[in-house]
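Peer 1: Chains A and B supply the protein sequences, listed in that same order.
If you count the first sequence from 1, position 103 lands on 102 in numbering that gives the first Met the number 0, and the numbers rise without skipping.
If you count the second sequence from 1, position 123 lands on 122 in numbering that gives the first Met the number 0, and the numbers rise without skipping.
Because the hints were derived from the structure by calculation, they are not lab data.
Note that the structure is a prediction, hence the values are computed from the model and not measured.
Hints should not be assumed to be uniformly reliable.
[Said to hold, decoys possible] Restricting the straight-line Cα-Cα distance to at most 16 Å, the calculated cross-link-like pairs of lysine to aspartate or glutamate (EDC-like) are:
| no. | chain 1 | residue 1 | chain 2 | residue 2 |
| --- | --- | --- | --- | --- |
| 1 | A | Lys166 | A | Glu187 |
| 2 | A | Lys166 | B | Glu156 |
| 3 | A | Lys136 | B | Glu120 |
[Stated by the list, open to error] Some chain B residues close to chain A (C-beta under 8 Å, calculated; not the full set):
| no. | residue |
| --- | --- |
| 4 | Leu14 |
| 5 | Ile15 |
| 6 | Thr16 |
| 7 | Ser104 |
| 8 | Val105 |
| 9 | Tyr106 |
| 10 | Ala132 |
| 11 | Glu143 |
| 12 | Leu146 |
| 13 | Cys147 |
| 14 | Asn157 |
| 15 | Leu164 |
[As the list claims (entries may be wrong)] Computed far set for chain B versus chain A, every beta-carbon distance over 10 Å:
| no. | residue |
| --- | --- |
| 16 | Lys52 |
| 17 | Leu56 |
| 18 | Lys75 |
| 19 | Ser174 |
| 20 | Thr182 |
Every residue, glycine too, gets a C-beta built ideally from N, C-alpha and C.
2 protein chains.
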Amino acid sequence: MPFNIVGVGPGDSELITVKAARLIGEADVIITPVKKEGSKESTALNIVKTYIKNMELVDYFYFPMVANFAEDSSIKELFKSHGDTINNYLIEGKKVVFITLGDPSVYSTFSYVAPYIDNIEYTPGITSFLNGAALGKIPLCIGEESLCIINMTDSEENLRAAFKLHKNIVVMKVSSNQKLLKTILEEENRSGIFMSNIGMENETVSSDITVLDKKLPYFTIGIIK
Amino acid sequence: MPFNIVGVGPGDSELITVKAARLIGEADVIITPVKKEGSKESTALNIVKTYIKNMELVDYFYFPMVANFAEDSSIKELFKSHGDTINNYLIEGKKVVFITLGDPSVYSTFSYVAPYIDNIEYTPGITSFLNGAALGKIPLCIGEESLCIINMTDSEENLRAAFKLHKNIVVMKVSSNQKLLKTILEEENRSGIFMSNIGMENETVSSDITVLDKKLPYFTIGIIK
Chain A
0 MPFNIVGVGP GDSELITVKA ARLIGEADVI ITPVKKEGSK ESTALNIVKT
50 YIKNMELVDY FYFPMVANFA EDSSIKELFK SHGDTINNYL IEGKKVVFIT
100 LGDPSVYSTF SYVAPYIDNI EYTPGITSFL NGAALGKIPL CIGEESLCII
150 NMTDSEENLR AAFKLHKNIV VMKVSSNQKL LKTILEEENR SGIFMSNIGM
200 ENETVSSDIT VLDKKLPYFT IGIIK
Chain B
0 MPFNIVGVGP GDSELITVKA ARLIGEADVI ITPVKKEGSK ESTALNIVKT
50 YIKNMELVDY FYFPMVANFA EDSSIKELFK SHGDTINNYL IEGKKVVFIT
100 LGDPSVYSTF SYVAPYIDNI EYTPGITSFL NGAALGKIPL CIGEESLCII
150 NMTDSEENLR AAFKLHKNIV VMKVSSNQKL LKTILEEENR SGIFMSNIGM
200 ENETVSSDIT VLDKKLPYFT IGIIK
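Using the sequences plus the hints, can you model the full thing?
Peer 2: Next up, the structure:
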């Protein structure tokens with residue numbers, strides 16, 4: 000029996016796929032990531048609660064928020080132990096679903112656990128930038144255009160090269176370098192839409208570049224045309 | 000009452016969102032694009048048939064397959080008339096849903112009709128590349144990495160620049176220039192997964208670069224690492 004990693008979309012319980020809802024409803028174990036050890040607070044879980052028949056089926060896996068997973072050996076150990084726990088559930092014949100925000104192939108921390116599990120099925124989900132484009136009512140790309148998704152944590156050289164090359168850019172982690180983003184947008188005479196906490200209660204949307212002057216929330220993306 | 004443009008995902012009826020299924024079920028009119036005038040053949044419609052209460056509610060809009068919509072005035076007229084038809088439905092108080100393959104913000108021809116309609120709500124959908132990553136069981140991007148989506152119809156200069164800049168690349172419309180793609184991959188020593196007809200019955204997946212030597216189907220994408 001395969002293990003299912005399921006994208007649960009950007010925040011709205013209706014923006015998960017019919018397949019994801021079915022797999023969650025059929026699961027014997029639903030694993031959700033939590034940011035603090037021992038915590039039961041999970042954004043992914045809040046999204047899918049309505050599809051879970053029994054909350055006692057939920058298992059909470061600790062995923063610390065650190066800058067570089069790949070270089071930290073104690074975190075590698077933690078991820079291997081998560082893999083072991085999943086493999087044990089599978090040996091017991093349980094249907095296991097791991098839920099992840101957005102889509103499992105786009106910036107999911109699950110990617111670090113995947114190498115420890117043999118048989119994985121992926122169910123795609125709506126990413127924050129697809130939902131952002133829907134809310135902003137703007138196309139991300141049309142015709143023959145390219146689209147670039149880039150993090151403001153990337154090097155200034157890479158960011159500048161991306162802005163030179165691409166007409167359509169989704170900027171993730173805007174809050175990590177708002178000043179540089181504003182400088183590049185002004186120099187390149189580009190405009191955009193800035194969205195914070197997409198799909199959540201405190202969602203904000205602005206096309207005014209001066210929002211970059213005040214500190215924005217962690218979950219802020221920009222769609223630049 | 001707003002008009003809804005709804006992404007119906009890559010091909011599997013279960014890979015549409017719960018919201019899309021609900022909106023289609025509640026609609027008074029479901030508009031689907033067709034490639035030939037007078038045809039009732041529609042991939043998008045096939046995906047969502049199971050959610051439609053009455054097939055007589057379906058209206059078929061002709062969307063010709065041409066290289067450059069923006070420069071063709073007769074096509075602009077056609078799109079304006081599609082907008083007029085939609086606006087008339089809305090004046091009659093009808094709930095109208097327009098279905099589009101994948102996601103409405105990513106390479107959707109609906110983007111050319113949007114300017115003619117006042118009040119549009121967008122419902123995002125799973126794109127072919129998200130589904131491709133799920134099938135290929137590979138992350139599109141992790142950590143701080145960027146992701147580029149580019150068409151093989153783009154200029155050789157832009158394509159080469161994108162391959163220099165980005166570790167993760169989704170190549171759309173592979174079949175339009177397979178030879179150039181193979182040359183670049185060999186020169187840059189890059190590997191990838193090539194997928195044709197994703198989510199459809201005749202789906203194929205290969206990580207062998209020599210598949211680029213024989214003519215591939217129109218719906219072929221590459222995920223390059």
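Peer 1: Now, for every hint given, state plainly whether the structure supports it.
Peer 2: Consistency of the hints with the structure:
Simply put, Lys166 of chain A and Glu187 of chain A have alpha-carbon atoms about 11 Å apart, close enough for the 16 Å limit, and the pair holds. Restraint check for Lys166 of chain A and Glu156 of chain B: satisfied, since their Cα atoms lie roughly 15 Å apart, inside the 16 Å limit. Using a Cα cut-off of 16 Å, the hinted pair Lys136 of chain A and Glu120 of chain B holds, with the two alpha carbons roughly 8 Å apart. Of the supplied interface hints, the one on Leu14 of chain B holds, with its beta-carbon coming within about 5 Å of a beta-carbon of chain A, less than 8 Å.
Given hint, Ile15 of chain B at the interface with chain A, holds; its Cβ is 6 Å from that chain's nearest Cβ, closer than 8 Å. For Thr16 of chain B, the interface hint holds, the least distance from its beta-carbon to any beta-carbon of chain A being 5 Å, beneath 8 Å. Given hint, Ser104 of chain B at the interface with chain A, holds; its Cβ is 4 Å from that chain's nearest Cβ, closer than 8 Å. Hint on Val105 of chain B holds. Least Cβ distance to chain A is approximately 5 Å, under the 8 Å limit.
Hint status for Tyr106 of chain B: holds, given a least beta-carbon distance of 6 Å to chain A, under 8 Å. Annotation: Ala132 of chain B was flagged as interfacial toward chain A, and the flag holds, the nearest CB pair being 4 Å apart, inside 8 Å. Of the supplied interface hints, the one on Glu143 of chain B holds, with its beta-carbon coming within about 5 Å of a beta-carbon of chain A, less than 8 Å. A cut of 8 Å between beta carbons decides the hint on Leu146 of chain B: the least distance to chain A is about 4 Å, and the hint holds.
A hinted interface residue such as Cys147 of chain B counts as satisfied when its beta carbon comes closer than 8 Å to some beta carbon of chain A; here the least separation is about 5 Å, so the hint holds. Against a cut-off of 8 Å between C-beta atoms, the interface hint on Asn157 of chain B holds, since the closest Cβ of chain A lies about 7 Å away. Taking 8 Å as the C-beta cut-off, the interface hint given for Leu164 of chain B holds, the closest approach to chain A being about 5 Å. The claim that Lys52 of chain B lies off the interface holds: its Cβ sits roughly 16 Å from the closest Cβ of chain A, which is beyond the 10 Å cut-off.
For Leu56 of chain B, the condition that its CB be more than 10 Å from all CB atoms of chain A holds, with the nearest at approximately 20 Å. Separation of Lys75 of chain B from chain A is adequate, the least Cβ-Cβ distance of about 14 Å exceeding the 10 Å criterion. The Cβ of Ser174 of chain B lies farther than 10 Å from every Cβ of chain A, with a closest approach of about 14 Å, so its non-interface assignment holds. With a least CB separation of 19 Å from chain A, Thr182 of chain B remains clear of the 10 Å interface cut-off, as annotated.
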